[in-house]
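4 protein chains.
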Amino acid sequence: MIERYENPKISHIFSEENKTNLWQDLELAAIKALVQLERVDPRIYYEIQEIWLSHPIDIPWWKERDEEIHHDLNAFLDERYRWLPIELHQFVHQDLTSFDTEETPFIIMLKQALQIIQDLSIELDRTIKALAIKYRYTIMNGRTHGQEAELQSFGARCLAWCQDVNVALNFLSQAEANLKYSKLSGAIGKYGSIDPEVEKITLEYFDLLPFYGATQIMPRIFYAPIAQALSNLVTVIDKVSTDIRLAARSGLPLMQEPFKKKQKGSSAMPHKKNPIRTEQDEGMARLARGYMSMTNENIKTWEERAIEQSCVERVAWPDLFHTTARALTVLNMVLKGLRVYPDNMLEEVHRSRGVYASSEIKEFLKKRLKLDNEDVYRIVQLAAFNVFEPEPGRITIREQIPNSFEESLTLLNRFKASPATKIVSLADFIPAAQLRFNDELDITPEQIEKYNKYLKKLFQSESIKQSWAELFTPAFLLKNEKILYQNILGV
Amino acid sequence: MIERYENPKISHIFSEENKTNLWQDLELAAIKALVQLERVDPRIYYEIQEIWLSHPIDIPWWKERDEEIHHDLNAFLDERYRWLPIELHQFVHQDLTSFDTEETPFIIMLKQALQIIQDLSIELDRTIKALAIKYRYTIMNGRTHGQEAELQSFGARCLAWCQDVNVALNFLSQAEANLKYSKLSGAIGKYGSIDPEVEKITLEYFDLLPFYGATQIMPRIFYAPIAQALSNLVTVIDKVSTDIRLAARSGLPLMQEPFKKKQKGSSAMPHKKNPIRTEQDEGMARLARGYMSMTNENIKTWEERAIEQSCVERVAWPDLFHTTARALTVLNMVLKGLRVYPDNMLEEVHRSRGVYASSEIKEFLKKRLKLDNEDVYRIVQLAAFNVFEPEPGRITIREQIPNSFEESLTLLNRFKASPATKIVSLADFIPAAQLRFNDELDITPEQIEKYNKYLKKLFQSESIKQSWAELFTPAFLLKNEKILYQNILGV
Amino acid sequence: MIERYENPKISHIFSEENKTNLWQDLELAAIKALVQLERVDPRIYYEIQEIWLSHPIDIPWWKERDEEIHHDLNAFLDERYRWLPIELHQFVHQDLTSFDTEETPFIIMLKQALQIIQDLSIELDRTIKALAIKYRYTIMNGRTHGQEAELQSFGARCLAWCQDVNVALNFLSQAEANLKYSKLSGAIGKYGSIDPEVEKITLEYFDLLPFYGATQIMPRIFYAPIAQALSNLVTVIDKVSTDIRLAARSGLPLMQEPFKKKQKGSSAMPHKKNPIRTEQDEGMARLARGYMSMTNENIKTWEERAIEQSCVERVAWPDLFHTTARALTVLNMVLKGLRVYPDNMLEEVHRSRGVYASSEIKEFLKKRLKLDNEDVYRIVQLAAFNVFEPEPGRITIREQIPNSFEESLTLLNRFKASPATKIVSLADFIPAAQLRFNDELDITPEQIEKYNKYLKKLFQSESIKQSWAELFTPAFLLKNEKILYQNILGV
Amino acid sequence: MIERYENPKISHIFSEENKTNLWQDLELAAIKALVQLERVDPRIYYEIQEIWLSHPIDIPWWKERDEEIHHDLNAFLDERYRWLPIELHQFVHQDLTSFDTEETPFIIMLKQALQIIQDLSIELDRTIKALAIKYRYTIMNGRTHGQEAELQSFGARCLAWCQDVNVALNFLSQAEANLKYSKLSGAIGKYGSIDPEVEKITLEYFDLLPFYGATQIMPRIFYAPIAQALSNLVTVIDKVSTDIRLAARSGLPLMQEPFKKKQKGSSAMPHKKNPIRTEQDEGMARLARGYMSMTNENIKTWEERAIEQSCVERVAWPDLFHTTARALTVLNMVLKGLRVYPDNMLEEVHRSRGVYASSEIKEFLKKRLKLDNEDVYRIVQLAAFNVFEPEPGRITIREQIPNSFEESLTLLNRFKASPATKIVSLADFIPAAQLRFNDELDITPEQIEKYNKYLKKLFQSESIKQSWAELFTPAFLLKNEKILYQNILGV
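In order, the protein sequences belong to chains A, L, V and C.
Sequential numbering from 1 applies to the first sequence in the numbering used here.
Sequential numbering from 1 applies to the second sequence in the numbering used here.
Sequential numbering from 1 applies to the third sequence in the numbering used here.
Sequential numbering from 1 applies to the fourth sequence in the numbering used here.
Same shape as in the complex, but just chain A (with noise of 0.2 Å):
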């Protein structure tokens, strides 16, 4: 991964050092093995540990070997063998393939980046649980498909994030738990030379069990579904990115990314700040999805292994666990700093006109009425249309296309000049009773005369309109809310 994406932690799990200080603690064990198993004496073994934690292995050395015999794990054998005295030779290595000593370390490097990611989430989900609590009556409008739907509070979308996360990270969990075996079963797995015993004692030292029906290596099926679960991960925090910059977009931003007092937003226009941290997430899980593409090839090899298979792993892992720490890194950094402006948030509701309790009180009407659904459902839309109607001199601007950029400026003056719109909510508006035509609608003048009817005839009720009044408080509204609260944070 380039400098600029690293995380220094994952580099160092992935780095020669740390890969070969592990195949070391492998061979070491096999040998333990042998001991424990009462075939190898004792002394044996401490003196080779002795002799190798004494010599630190030597990468150039073991990296120009490797150039000549085209073989890494043979060039590591041939390092280690160097500072052995001739008769310890035969305990090392003693009946195993190349891939008995690589797969376990390879396993437990995995299991090391995994931690760190499970570190940055932990780290995450707080953050997010954290806005949850204090936003907890800060309303907003929810939306789907991009339009004003219903009311919640910000908090409450913090808490869809936070599952969303969580599902994704309990995925990642059920495919670690999975790393639970490994091998050591020889050439092509079928334990020609070497004692299923061995094998069960030396992985016992890394906590892990045989699999059998292992060929020379384990079935990459195993691994596929950790990058799998990786790039999920990623895609979600992608997600709720995009969902920060839907909030920040301008004109009437509800939320934005942390803006350095230095920063510079572009080079061209001094005014701007762009969301480029969110941005960068969508990118991280475009990243994250090819590198997953490239494992999950990795489950298909030729009878009992070919070497496909390497150099892919060699690349994508490190690479997918830089790109998902650095997607959690981001987001996380941003929901820390994030800036709420629960004010414009009022602004957008007090804008949407009380649409956002049209699914209630359609309802409300539907068993109040005496009319069908359809009725009620087009009383609803109509009213919805209505109040959304510009007003005349609107129309005009609308409707007059210019012809040149003076004609534009000039029209933007009109604009300028012409006063606020007049916002109605469908509270006041419905209990009114004055449905009119809507040309987008195929609703006739008769129906709407007989739907202003039915309302007027309902709201002449003191009680109803009480009741009426109540559906667009979000107390009303959001009285569930705490269900969640209740059942994601137990508060």
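Hints listed in this document are in silico derivations from the structure and should not be mistaken for laboratory results.
Every value quoted in this text rests on a predicted model; they were computed, and no experiment measured them.
Treat the hints loosely; a few may be bogus.
The list treats identical chains as one, so a pair stands whether inside a single copy or across any two.
[Stated by the list, open to error] Below are the SDA-like pairs computed for lysine to any residue, each with C-alpha atoms no more than 20 Å apart in a straight line:
#1 422 <-> 350
#2 416 <-> 252
#3 134 <-> 116
#4 366 <-> 438
#5 19 <-> 62
#6 336 <-> 440
Mind docking chains L, V and C on chain A? Use the hints.
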């Protein structure tokens, strides 16, 4: 493809009827080639042709036979042989292998389907261009990173869409232009029994050239670029669709998909007008990329061929074409019926407080103030931040996080009661030389004082004021859009 | 999916009939929940149920209505309302949004389809296990990198296939186990009008739990892992299929797909028996990965939902299930009718000249020769290269590159006339201590002399000779395969 | 890319040094354009140029600055401004937005990297062509579906490889040819402040044309085809590599990768010579397709641009080029050192018992026997099945499934002792008219009797016998390969 998204013309092209008719065309052409080479008596050809044309292929018989012998081309031949006297059998499929018969029809089917795409694209192109012309002087904010950037006409945005689509189509045409080769070179493509002359002449009837270097089949590298170009085209359509969805976001929609008079946006919320068509185009892009990835892998096969590619091609090609046709049809329909709200565009421009000229005013000041780049940049940046500072009443609302839904309601009511925000443009703000401290930026009061001094001095000049005012006019800012119109539309 | 690859059970599950029936089940269950909560009179429920069950959904009417209002769930409701007296309308779809009705049926359909996959998998598992038992003592060469490696039984290879498939199925089961949640939480998932109790009870009827944190829809992160697990399963099937294709390569086929008595392998070459079924499974894997990639992206949507995912799910899910079912069916059919040639396996073993024991003999010599690891390795390597050196007559043929096809024929005839190569095994070659120089290896004559001296000395001992001979026996080499049988099959 | 697979030239191209130098070139060119338009004094240009060229970009300073202002291009400008007197600042980056500076260098970097790929491809092409010429008359079995098909020369297979690679390269060249446009059109691409003339002249210095219709960036649809063509090329390389792996399978290897004199094939099994390089090329293809899929999605962005594509491009482009370069280098190295075993090819031909002529003999008999197509097909099919029937001793071995490893050993020894199979070719078998019943085919004894009668009669003629014998000669079967040599190599 499921009926819902099916294009009937595409279905016909990939139908068994069309395919087997094309196979028959090929078999006849191969005999005709032998006639031309004077190796077969023309009467033989005409006899076979007459018999076949008067006995349409019996599709059910063919399929039953295929079930039995597990070879669809052989089954087809068996069906055709049925109608011929034995002595004519030897002239049919002479020296050919199955794929000699199938390859050319496959190419023809691709070309036929590409023609459908072409036709739909021409319609789409026409629709976009009409919009570009209609809205040549209708101004709106350009947006980068979802944030208001410079001013542009809506027509100019249409031109960018138009070019995006046309670049995609251009790549598609290039990929199609490579479909000029085919093969009739026998079992492993080495002309074991077939004469290269027969191949050449037969292909000529289909306007194709022999590809020297085929194996039993044409290398699939010829077809992958078609799928890639189609998938890229659908991704471009998704890009344009997404721009529309973004512009349609409620609050201040700039444009909207057509909504039918009896349409229902939601079963729960009668007020909804959702951009379901443009959203569907995003789904289409996901499908298209999936189908493309299937055909990419077909490039690889074993030695002189294996048949993994066959089932992929039977499934992915028609479905990719259906997907592309659907995406084109949907976008064209949306754009044809697009509801555009120029008044809302003006409102957006107005509310953006003149920052759409920030780049120009930075350059203007750079040339006139004796300050370095950094200082000029910071002046414009600070001014832009200043004009967006909320009023004190609003700040109070912003900073008071409610602790109950009752408090939320109180805040909402307070918001409704508070006076509308006054909108000050950079056009007036900067000449007033009243820059003030903003805690989002690291600019000290001393610097600000200096900046104001410079500005005050500069704007004493009347001529400066006048040039300054002009910086904010569409005529000035968009003067160069004509270049785009000239070069793209020739108008 | 095209008819050719369609599974009728899968088609039924995703049919409009099954889907709308499940929608009806959900609507009825939601009313029943209200009955259980004593908010609706049970007679109401029974009345609606009776009317609906006696009037099957009119699919064509529904589709026509959908065309008109562009909302399939609303159209479905309209169809159902038709049969109910007006006063019952209000009890239907009360407080629900469309996806409250659609989500649970979608999950049920996934589960139904997964059941089909499960059933097919059990059959496949049974078939593979029967092979493993039948061929427990049938020996063959294991192959790594396509090269002869150690000896194994064909049964043991079947065990590896078996485990591969079962790991894939295990992951699929885990993904399925996560399908335990659904939602009935209203328009944006915040229970605006719907009572959480209604959700809970309704879902109980379907053995599901409420997911707290849904938006208008369940987060798609729940479904992506299903597609990934299916795609991984098909890739595993491709892996097994490829092993069969490799084993079926002509020259010395070890096994072959069943070939029907009237089947034709090729229209041109009557001798052909092609592994078209196992090749098709590679195509199926390409399709499956494509469908998976489509659903991966569905994880991302805007805010409380947009509808991009819908068309993808309508198309990709059934087709992915068809693809998986097809791949399973094909492989099962191939394995059930698999023709196995144990004699050819023996021929292959024989021709491999004892190198299948190279690992064991290396360890054997390591313990008995006073040489370092490197030397012992090189002894076995050189011996292996020596036994494969061609005879002089053959070298002549090898090195004479023909300059015309006449020369080619001469060489072919010379080859036919030359005596068969004598096959010498390492079992005999190494004890003879006749290692000789090989120009492919960098081992000097001096070294070789030394090696021969060591070997000669070692093999003077009769007991050594005897132990040595035993190294090459199946009973010795495969003694540990029983561990696999015990752990995988319990036999 | 990790060091192991890195191409140093590619690394240099995508280095920060090369990139920032190209940025500087662009900035200078933009000033030079103003000079050419006589808007800036040439001395200004030369002064800036001289200062900059004598003060190389301080990469660490630049990166530190970027950390601070979160904008790499602005940080670069700040670094460059440092060296200029204030009065020169205004001439730098005048009217430009960041991507006006970055886009062209990005294109140049792509072109530079494509040149490396081109160079490597020319080498590969040369290597393959040399093989094609060398082995023009070296015969081998063609293989379809992994099964022996018709005869071909190894040279002719090389020609198919050659064409595969060249088609891939041709598509790459076409994609590259579209890299002829760039942009310098300001913040949202509408030439708000920049003069289109400046763009035109600046781009001319880089041999590029303005793209009318860009937004803040060039549409990414221009670059996706490059990645697709690269990925297709690597998939083609994988195809060729796989053919080599298949031919190298032990038993009767037809060719092998070079194996170094000190190389070790396996840590466990000293006899191994594994095709690790060609296997690596399959891994490279998996990587390449993953990188491609990342860039595909970059086509989509919001409105006038967002920055998701940036991180993807920073990572995927260099890595895709490294991957492609690696794959080309590896394959070229393999083919240059390829060990070819023509004697084994002959053995394979010999063992295939003349079926390589089955297509020709079918056509031969079709013209000479008064039988319908079906009958002639079945004659050749039956004969082919007959000549492969195992001898009785072998059938016994085949059918006796051992029940212990001791029995396995007995069978193996019995096999070794049994006489070698006699090889009978169709060339002799069919004229002998001794077709016999084969239970794999549904051909009755009566039919067979009839067939033998026909054959016996036909082969009474000496001239028929002679023509028949000729059908099996390379000179006859491969006579048309010269067409391929003429058309592909012009020889």
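Structure-based check of each hint:
no.	hint	verdict
1	422 <-> 350	both (11 Å within a copy, 18 Å between copies)
2	416 <-> 252	both (18 Å within a copy, 16 Å between copies)
3	134 <-> 116	neither (27 Å within a copy, 47 Å between copies)
4	366 <-> 438	neither (22 Å within a copy, 53 Å between copies)
5	19 <-> 62	within (13 Å within a copy, 34 Å between copies)
6	336 <-> 440	between (45 Å within a copy, 16 Å between copies)
Violation of the numbered hints given earlier is confined to hints 3 and 4; the remaining hints are satisfied by the structure.
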